[in-house]
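2 protein chains.
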Amino acid sequence: MAEEVILLDFWPSPFGMRAKIALREKGVHFDLREEELLSNKSPLLLQMNPVHKKIPVLIHNGKPVCESHIIIQYIDETWGPESPLLPSEPHERARARFWADYVDKKIFPAGRTAWRSTGEAQEAAKKEYIEGLKMLEGELGDTAYFGGERFGFLDVSLIPFYSWFYAVETLTGCSFEEECPKLVGWAKRCMQRESVARSLPDQHKVYDFMSEVRKKVQAQ
Amino acid sequence: MAEEVILLDFWPSPFGMRAKIALREKGVHFDLREEELLSNKSPLLLQMNPVHKKIPVLIHNGKPVCESHIIIQYIDETWGPESPLLPSEPHERARARFWADYVDKKIFPAGRTAWRSTGEAQEAAKKEYIEGLKMLEGELGDTAYFGGERFGFLDVSLIPFYSWFYAVETLTGCSFEEECPKLVGWAKRCMQRESVARSLPDQHKVYDFMSEVRKKVQAQ
Chain A
1 MAEEVILLDF WPSPFGMRAK IALREKGVHF DLREEELLSN KSPLLLQMNP VHKKIPVLIH
61 NGKPVCESHI IIQYIDETWG PESPLLPSEP HERARARFWA DYVDKKIFPA GRTAWRSTGE
121 AQEAAKKEYI EGLKMLEGEL GDTAYFGGER FGFLDVSLIP FYSWFYAVET LTGCSFEEEC
181 PKLVGWAKRC MQRESVARSL PDQHKVYDFM SEVRKKVQAQ
Chain B
1 MAEEVILLDF WPSPFGMRAK IALREKGVHF DLREEELLSN KSPLLLQMNP VHKKIPVLIH
61 NGKPVCESHI IIQYIDETWG PESPLLPSEP HERARARFWA DYVDKKIFPA GRTAWRSTGE
121 AQEAAKKEYI EGLKMLEGEL GDTAYFGGER FGFLDVSLIP FYSWFYAVET LTGCSFEEEC
181 PKLVGWAKRC MQRESVARSL PDQHKVYDFM SEVRKKVQAQ
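Chains as they are written, first to last, in UniProt numbering: chain A, 1 to 220; chain B, 1 to 220.
FYI, nobody ran anything at the bench for these hints, they're computed from the structure. If you're wondering where the values come from, they're calculated on a predicted model, not measured in any experiment. Where is the CB? At the ideal position from N, CA and C, for every residue including glycine. Heads up, some of the hints might be wrong.
Part of the chain A face toward chain B, derived, beta carbon under 8 Å [said to hold, decoys possible]:
1. Glu67
2. Pro84
3. Leu86
4. Tyr145
If you want a taste of the chain B side facing chain A, the calculated C-beta under 7 Å gives, among others [to be verified]:
5. Val65
6. Cys66
7. Glu67
8. Ile70
9. Tyr74
10. Glu77
11. Pro90
12. His91
13. Ala94
14. Arg97
15. Asp101
16. Arg189
As a list, the in silico DSS-like pairs of lysine-lysine whose alpha-carbon atoms are at most 30 Å apart [claimed, not checked]:
17. B/Lys134 / A/Lys54
18. B/Lys188 / A/Lys105
19. B/Lys216 / A/Lys182
20. B/Lys205 / B/Lys182
21. B/Lys53 / B/Lys216
Throw the hints in and build the complete structure from the sequences for me.
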């Protein structure tokens with residue numbers, strides 16, 4: 001049976017990028033469908049993710065999988081067992097899951113507040129964002145990837161945020177190269193992978209998008 | 001080598017209950033250490049979970065695993081492969097993970113707001129809590145457990161909240177038996193398992209605890 005793999009996506013979303021990277025790491029061909037999340041959501045999205053009504057949604061032979069970390073694990077369990085994203089050892093797996101969860105709980109919300117807000121709220125969020133990135137830099141240590149010599153689950157989880165760095169730096173006034181040079185080195189290394197380079201949007205396009213959203217948020 | 005398994009816990013926490021249930025389902029002997037979370041945290045907790053400083057923490061031969069759903073998966077991958085908690089089929093696994101994530105994102109915060117607040121905030125949270133439970137009741141359908149005939153990951157994730165039902169009903173004025181009778185039937189079925197019955201605290205003790213917390217929150 002021919003496989004049907006559809007990904008519902010919205011291009012600036014780091015969560016959508018995760019799914020694209022994981023699919024490309026595994027060499028899975030997929031039909032990428034762009035949603036217009038800020039205006040109207042497609043009937044397919046509402047049907048496939050009625051609970052959260054959010055992208056990304058991976059639809060594999062008609063069955064939906066939602067939530068980006070769950071999607072990465074599904075992809076890892078379904079395709080290419082010879083190139084696993086999660087480590088095989090349970091404690092290493094738990095560690096990768098822990099830090100990926102940390103990205104969602106700390107990095108994403110702090111970054112989002114930092115580029116959308118102003119004044120004290122922005123300063124506090126920027127500080128939290130940088131502290132979070134430094135924690136991750138500590139976890140990286142001196143290895144090539146978070147998965148050691150192998151690009152893995154936590155790399156897929158975090159690298160999408162690199163496409164936001166230029167916008168966050170420009171909108172908040174900081175330099176990630178200065179704050180966490182090793183992490184920026186890791187990001188550049190990841191960008192040399194075709195799976196990542198093809199899945200992350202241009203940083204200037206992200207900046208334009210964020211500037212527009214920021215204007216609307218602040219006008220409210 | 002003799003295994004050393006320690007669980008740092010705080011008795012009213014549904015997250016701690018998850019870890020206890022999973023360990024007991026797998027027949028793992030463990031040293032349960034109660035934290036005094038509302039006053040001071042032990043040096044061991046601060047050392048083993050320096051990022052979030054929260055229970056539960058499972059310490060297996062000196063190595064920590066944090067975050068309850070990650071702990072359940074670690075337990076499932078480490079002990080008793082003959083009685084798995086997660087299904088073997090990738091789409092079923094994704095589905096169990098999705099709804100467990102839903103419990104953390106929707107059920108826990110709505111319930112927490114419902115029993116701590118008053119007036120309109122309480123009504124809104126109560127409505128959201130009941131709607132969330134009804135969604136889960138729909139997912140359960142007519143099967144014995146969320147895992148079908150087998151007690152599994154999502155059952156472990158959700159059943160701890162049953163120990164809060166009496167307190168939430170009493171403090172907010174509602175009846176879960178009336179609102180979602182099938183879900184209450186499922187909870188009673190789960191309570192017949194030794195792993196669950198031993199891990200859930202007495203509902204009246206939870207009520208007393210919540211009433212005290214509620215008084216403090218409202219005095220602030």
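Right, here's what the structure says about each hint:
A least Cβ separation of about 6 Å between A/Glu67 and chain B falls short of the 8 Å threshold, and the interface hint therefore holds. Proximity of A/Pro84 to chain B is violated relative to the hint, the smallest CB-CB distance being about 13 Å (cut-off 8 Å). Among the interface hints, the one on A/Leu86 is violated; its C-beta lies about 10 Å from the nearest C-beta in chain B, farther than the 8 Å criterion. Given hint, A/Tyr145 at the interface with chain B, is violated; its Cβ is 20 Å from that chain's nearest Cβ, farther than 8 Å.
At its closest, the beta carbon of B/Val65 sits 5 Å from a beta carbon of chain A; the interface hint therefore holds under the 7 Å criterion. Hint status for B/Cys66 relative to chain A: holds, with the closest Cβ pair at about 6 Å, below 7 Å. For B/Glu67, the shortest C-beta to C-beta distance to chain A is roughly 6 Å, which falls under 7 Å, so the interface hint holds. At its closest, the beta carbon of B/Ile70 sits 5 Å from a beta carbon of chain A; the interface hint therefore holds under the 7 Å criterion.
With a least beta-carbon distance of about 5 Å to chain A, the hint placing B/Tyr74 at the interface is held under the 7 Å criterion. Interface hint status for B/Glu77: upheld, as the beta-carbon distance to the closest one in chain A is roughly 4 Å, under 7 Å. With a cut of 7 Å, the hint placing B/Pro90 at the interface with chain A holds, because the nearest CB-to-CB distance is about 4 Å. Annotation: B/His91 was flagged as interfacial toward chain A, and the flag holds, the nearest CB pair being 5 Å apart, inside 7 Å.
Taking 7 Å as the C-beta contact cut-off toward chain A, the hint placing B/Ala94 at the interface holds, the least distance being around 5 Å. Restraint check, B/Arg97 versus chain A: the minimum CB separation of about 5 Å is within 7 Å; hint holds. Checking B/Asp101 against chain A: minimum C-beta separation of about 6 Å stays under 7 Å; hint holds. Interface restraint check: B/Arg189 against chain A, minimum CB-CB distance 25 Å, threshold 7 Å, status violated.
About 21 Å separates the Cα atoms of B/Lys134 and A/Lys54, which keeps this hinted pair within 30 Å; it holds. At roughly 33 Å between alpha-carbon atoms, B/Lys188 and A/Lys105 are farther apart than 30 Å, so this suggested pair is violated. Distance check on the hinted pair: B/Lys216 and A/Lys182 sit about 45 Å apart at the alpha-carbon level, beyond 30 Å; violated. Between B/Lys205 and B/Lys182, the direct Cα distance comes to roughly 25 Å. Compliance with the 30 Å bound is thereby established for this hinted pair.
Distance check on the hinted pair: B/Lys53 and B/Lys216 sit about 22 Å apart at the alpha-carbon level, within 30 Å; holds.
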